[in-house]
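Using the working numbering, read the sequence shown as starting at 18 and increasing by one per residue.
Treat the hints as calculated values from the structure; they're not laboratory data. Accuracy of the hints is not assured; some may be wrong.
What the hints assert, rightly or not - Each computed BS3-like pair below joins lysine-lysine, with the alpha-carbon atoms no more than 25 Å apart:
no., residue 1, residue 2
1, Lys-118, Lys-74
2, Lys-107, Lys-127
3, Lys-84, Lys-118
4, Lys-53, Lys-84
5, Lys-57, Lys-73
6, Lys-57, Lys-146
7, Lys-165, Lys-146
8, Lys-73, Lys-118
9, Lys-127, Lys-81
10, Lys-166, Lys-155
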Amino acid sequence: MNQDKKDSPQLNPTVENLSQAIFTVNRHAKTAPNPKFLYKLKHDALLKLIREGKAKKVGLHFSKNPKFSQQQSDVLVVCGNYSFHLPPSKSDFDELPHLGKLDNQVRNPKAQLSLNTAKNLLVTYTGNKEEKTFPTRKKRSYEKPVFKKLGQSYF
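The whole structure should be built from the sequences, with the hints applied where relevant.
So this is what it looks like as structure tokens:
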């Protein structure tokens, strides 16, 4: 066994730890090879925190990078000292105030959490499991080379 790898310490699922974990996962998802799972982890964790009353939907912001150059809004969610954006549901447009453009001056505090620790904390909190999917290579069946006589076409 490799002793260089240290096991990530087990964190308690407090609001501060969970919001730091969501921040870390969200930051790494932008460049991850499997961003779908990380974004799903963020989404599910935030929804669970909202249901438990530990996070709050504040309002709607215009999206910074809208799809297909259309105007689009995101839900601003505040959890601890951190704020995040989620895709809105239909009821969010009726219930939440629109805050206009995103204020670029507001920043989340830095989180000192590794990606593995953050993922493990959110996986235990949400119950989501990452499916390891590796691309399967199809083995080509061997075909004998065909040699044509000189002057014959290969087609």
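Next item on the list: Decide if the proposed pair is consistent with the structure: Lys-84 and Lys-118, CA atoms, cutoff 25 Å inclusive.
Entry: 16 Å, holds
Checklist line | Given pair status - Lys-81, Lys-127, alpha carbons within 25 Å | finding: 21 Å, holds
Check: When you check the alpha-carbon spacing of Lys-57 and Lys-146, does it fall within 25 Å?
Finding: With Cα atoms ~10 Å apart, Lys-57 and Lys-146 stay inside 25 Å; holds.
Margin query: Next pair to validate is Lys-53 with Lys-84; report whether the Cα-Cα distance is within 25 Å.
Written below: Given that 25 Å is the threshold and the Cα spacing comes to 17 Å, the pair holds.
Notebook entry, point to check: Between Lys-166 and Lys-155, does the CA-CA distance stay at or below 25 Å?
Noted result: Judged against 25 Å, a Cα distance of about 32 Å means the pair is violated.
Item checked: 25 Å Cα cutoff - pair Lys-165, Lys-146 -> Violated - the C-alpha atoms of Lys-146 and Lys-165 are around 55 Å apart, more than 25 Å.
Notebook entry, point to check: Are Lys-73 and Lys-118 close enough, with their CA atoms no more than 25 Å apart?
Noted result: 19 Å, holds
Notebook entry, point to check: Straight-line Cα separation of Lys-57 and Lys-73 no greater than 25 Å?
Noted result: 19 Å, holds
Check: Do the alpha carbons of Lys-107 and Lys-127 lie within 25 Å of each other, as the hint requires?
Finding: 32 Å, violated
Next item on the list: Quickly compare the C-alpha distance for Lys-118 and Lys-74 to 25 Å and report which way the hint goes.
Entry: 16 Å, holds
Consistency with the previously given hints fails for numbers 2, 7 and 10, ordered from lowest to highest.
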